[in-house]
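Residue numbers (the working numbering), protein chains in the order written: chain A, 63 to 423; chain B, 2 to 420; chain C, 264 to 433.
Just so you know, the hints here were simulated from the structure itself, not pulled from any lab data. Careful, some of the hints might be misleading.
[To be verified] Mimicking DSSO-like on lysine-lysine, the simulated pairs with C-alpha atoms at most 27 Å apart in a straight line are:
id	chain 1	residue 1	chain 2	residue 2
1	C	K347	B	K371
2	C	K429	C	K347
3	A	K64	B	K414
4	B	K414	A	K95
5	A	K392	A	K95
6	A	K292	A	K95
The primary structure of each chain is shown beneath.
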Amino acid sequence: MKLWTGVRDWLDERFGWEELIAPLRKKTVPQHKHSYWYYLGGITLFLFLIQVGTGILLLLYYRASAGEAFESVQYIMTQVQFGWLVRSVHSWAANLMVFTAFAHMFSVLFLRAYRKPRELTWVSGMILLFLVLGFGFSGYLLPWNELSFFATKVGTEVAGQVPLIGRWLVIFLRGGEEVTGATLTRFFGFHVAVLPGITTVFLLMHLLLVQRFGISVPPGQEKQWEALPKERREVHFFPNFVLREVMAWYVALGVLGALAAFAPWELGVKADPFAPAPAGIRPEWYFMFMFQTLKVLPAKIGFLDGEMVGVLAFSAAGLLWFLVPFFDPKGQGRMARWITGAGVFGLAYIIVFTIYGYLAK
Amino acid sequence: MPRKIFYPLAVLFLGLLASMPAGVFAQTKSSCLDCHFALDPPLRVTPEQFSQDIHAQKGLNCASCHGGDPTNEDPEVAMGRAAGFRGKIERRQIPALCAKCHSDAAYMRQYNPSLRTDQLSQYHTSVHGKRLRMGDAKVAVCTDCHGVHDLRPATDARSKVHPLNVAETCAACHAKSEYMKGYSIPTDQFAGYSSSVHHEALVVRGDVSAPTCTTCHGNHGAAPPGVASVEFVCATCHVFQAQLFDRSPHKAAFTAMGVGACVTCHSNHRIVHPTDAMIGTSTDAVCLNCHSAGDPGYQAADSMARQLGQMTAVIQRSDEILGRAERSGMEISEAKLEQAQARDALTKARVTIHSFDAKRVQADLLEGIKVTEKTYQAGVVALKERDFRRLGLGISLIAIVAVLIGLRLYIRKIEAPQS
Amino acid sequence: MQKEAETRLASANRESPSLKAPASEPLPVRRRFVEILLGGGLLASVVSFLYPILRYLVPPAPPDLGSDSVVAAKVGDLKRNSGKIFRFGNRPALLVQTADGEYRAFTARCTHLDCTVQYRDDVRQIWCACHNGFYDLNGRNIAGPPPRPLENYEVFVRGEEIVVRKQQGA
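Input sequences plus hints: build the corresponding full structure.
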């Protein structure tokens with residue numbers, strides 16, 4: 063123990079971090095009937111760190127060219143020691159992360175943690191959510207199997223529906239007119255360099271803002287505590303909350319391990335750009351609701367192209383979602399109820415259309 | 002030439018040119034078609050129909066076969082004896098009429114030098130040809146198979162004698178029991194052929210290397226192959242089976258018995274996909290038609306059937322374990338590829354059956370059995386790896402649960418209410 | 264968990280709880296048990312994560328260059344006028360050295376019914392044993408049932424290795 067304190071003090075004299083983390087020691091986390099939701103952000107962060115770790119490991123063996131990508135993933139799954147574990151964890155954690163990111167966003171929405179002064183925390187969080195979806199979309203292509211090839215084809219096709227810049231957007235995403243090896247290289251670049259770089263920036267911003275303003279308490283609960291200050295419960299962030307967070311992380315680890323061992327991620331069939339599309343191509347589950355919506359929209363709505371209307375509608379919804387804190391800075395009143403309603407509708411829509419998308423096959 | 006003479010000559014020349022029949026077919030201006038297109042069948046021949054005819058396309062017209070004068074509008078003259086009109090050609094004279102051109106090599110060379118010119122002499126050797134000579138007009142003549150006024154070359158997919166259509170053309174007579182009454186041959190050939198693998202290959206899959214009626218019976222010299230020569234006919238494609246059979250004890254035995262080689266077991270028209278059940282001593286086996294318990298043939302059949310069964314079983318065993326490994330998420334594509342070699346060995350053994358030598362069959366199967374042993378082992382290894390992974394998971398889960406419990410207790414401890 | 268784990272802010276003026284014993288001390292045995300459980304569990308879980316990662320970092324035998332390009336054989340493996348079956352991606356392929364010393368490579372799947380073909384040095388042609396199909400040394404189907412030629416692959420020699428690759432371009 064003496065050694066540990068000695069080393070710690072020596073480093074502190076040269077880094078000066080005691081001063082910086084002093085506020086952390088005092089930080090507290092409110093405890094109330096909704097405070098379980100607070101863990102979601104941390105779990106998402108944890109899964110992101112898992113992705114970075116397993117992603118770096120995969121980088122040691124993966125080859126990002128159309129001729130070798132599939133074979134290199136096959137190699138990782140069959141020849142590399144524990145390659146199956148690293149790859150399956152990476153694929154499963156990606157899906158879990160998308161889920162927890164969405165859950166985190168919805169919990170923040172319903173608990174109104176976006177209200178002033180946390181507007182920028184919300185905005186940076188929404189940006190992170192889009193980045194996570196971008197990670198998912200770009201990463202899905204990398205194994206270069208039939209399903210991912212065609213899912214990418216369909217997905218990038220949709221981008222062409224954006225008015226004015228649609229065509230240019232498609233060419234930019236695909237690295238050409240069609241999905242080819244050039245697309246693979248480009249997506250690889252997005253997935254391992256561009257998106258991680260941007261994510262780091264916004265993640266740091268997001269975490270700093272959370273530290274700066276502390277954890278928000280839902281307005282109803284806040285009012286209760288203001289009336290009866292003795293009822294207020296807070297837990298020390300360090301070590302109490304952190305230890306609980308670590309428990310959640312360990313549970314996530316166990317789940318990931320079990321998934322990798324019992325439901326390993328499949329290799330699929332190598333992509334062949336000249337073969338016709340197989341039956342039942344679909345995007346990953348987190349895009350399914352958008353995909354299904356576009357499918358059921360009629361070809362023409364008025365004089366406008368049906369798909370374009372769908373894309374614009376989703377874009378508009380996304381934009382409004384971004385701006386939620388600016389519509390409702392107080393977190394209560396009529397606007398707040400509208401936002402809750404919109405949130406419930408959005409969540410229900412996503413769930414219903416995701417299920418619909420799978421059943422409709 | 003002075004202008005005074007040139008211009009009138011030019012006008013005359015152009016006038017003559019204009020009055021000449023336009024288009025490829027002289028007969029579109031022929032008086033024959035002018036009437037006959039409007040008549041009722043069987044006299045009806047339309048210009049559209051005749052334009053599809055290969056003879057018409059090469060420049061022949063009605064008079065080339067029927068005689069008469071197609072330039073004359075008057076039917077009395079056009080179809081008069083003086084013009085050489087022959088009217089409807091009598092069936093028995095049709096082969097000779099066609100052969101007038103088609104057996105003349107020098108004549109045919111003008112049109113298609115590679116066309117054969119021996120159709121008539123072949124026809125005379127056929128059952129149709131012989132019976133026609135004896136006066137039977139019910140047999141097939143040239144026009145029955147080739148068509149007449151819209152006759153297409155055999156390479157045209159719409160032709161009645163295109164390989165894909167031959168069987169139906171033959172069946173037009175041979176499958177009709179009413180028509181075939183009085184002849185001593187069955188009428189079930191087309192029905193049998195339609196359910197055969199040859200039909201499936203040719204008509205369904207479009208594999209033109211598969212046989213149709215004329216492949217085995219001949220087309221112009223159509224006759225059933227004699228019992229002795231059936232084997233040669235099948236052997237044109239099924240070379241190995243024939244070679245093996247020739248060296249087997251069955252060759253001498255079948256010849257002595259006077260039964261056809263291949264067709265005794267496989268049938269002649271209803272040749273279905275052979276199964277392993279055909280060999281052996283069970284009720285479906287063809288061997289029991291001649292052999293009985295105790296004779297060497299019976300034993301050989303039994304032995305071969307057992308070997309095939311064993312091979313099928315070991316292939317299945319490997320498939321099963323590899324399937325289990327694959328469903329558990331293990332990667333076994335290499336082993337799956339090797340299984341193909343085992344299946345190849347089984348295919349080979351099913352050909353070697355025709356030697357009726359159990360030892361040879363065994364030798365061929367041995368290679369395949371070695372392969373299945375390898376692939377089975379691969380499956381075992383894959384399942385072991387799967388179990389190792391689950392064990393590893395179990396251990397790490399124990400560690401994780403230990404941490405979770407420990408944390409829980411620790412948290413409880415540090416947050417115990419203070420007295 | 265909540266009911267037991269409440270700490271009041273009012274008491275936050277005290278030092279944060281730490282590993283040192285708070286006012287009410289649990290039984291020493293129980294404390295040791297928790298420490299061992301936690302410490303042991305942490306150690307075990309960390310090992311169970313690190314072990315696979317360390318094994319992962321050690322590279323196994325290097326992979327094929329991808330199914331578009333494969334080392335079929337080494338120079339000297341094949342005699343003149345002979346052939347060899349090798350694996351090309353997930354399909355069998357045939358490498359032939361002609362009597363003149365030239366290397367040719369084709370898919371070994373017969374275009375008739377998918378049997379594996381072989382090289383016949385007596386007739387110097389590629390032959391399918393199943394139904395007696397023949398292909399010439401350009402892969403063209405010349406006799407028997409096969410309806411189409413064999414797909415040709417590019418062959419080139421790189422040092423000691425004979426590399427076979429799918430034909431580039433149309």
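Cross-check of the supplied hints:
1. K347/C <-> K371/B: Given pair K347/C, K371/B holds - Cα atoms ~20 Å apart, limit 27 Å.
2. K429/C <-> K347/C: Holds: K429/C and K347/C sit about 17 Å apart, inside 27 Å.
3. K64/A <-> K414/B: Given that 27 Å is the threshold and the Cα spacing comes to 24 Å, the pair holds.
4. K414/B <-> K95/A: Distance ~22 Å between K414/B and K95/A Cα, so the pair holds.
5. K392/A <-> K95/A: holds, 21 Å
6. K292/A <-> K95/A: holds, 16 Å
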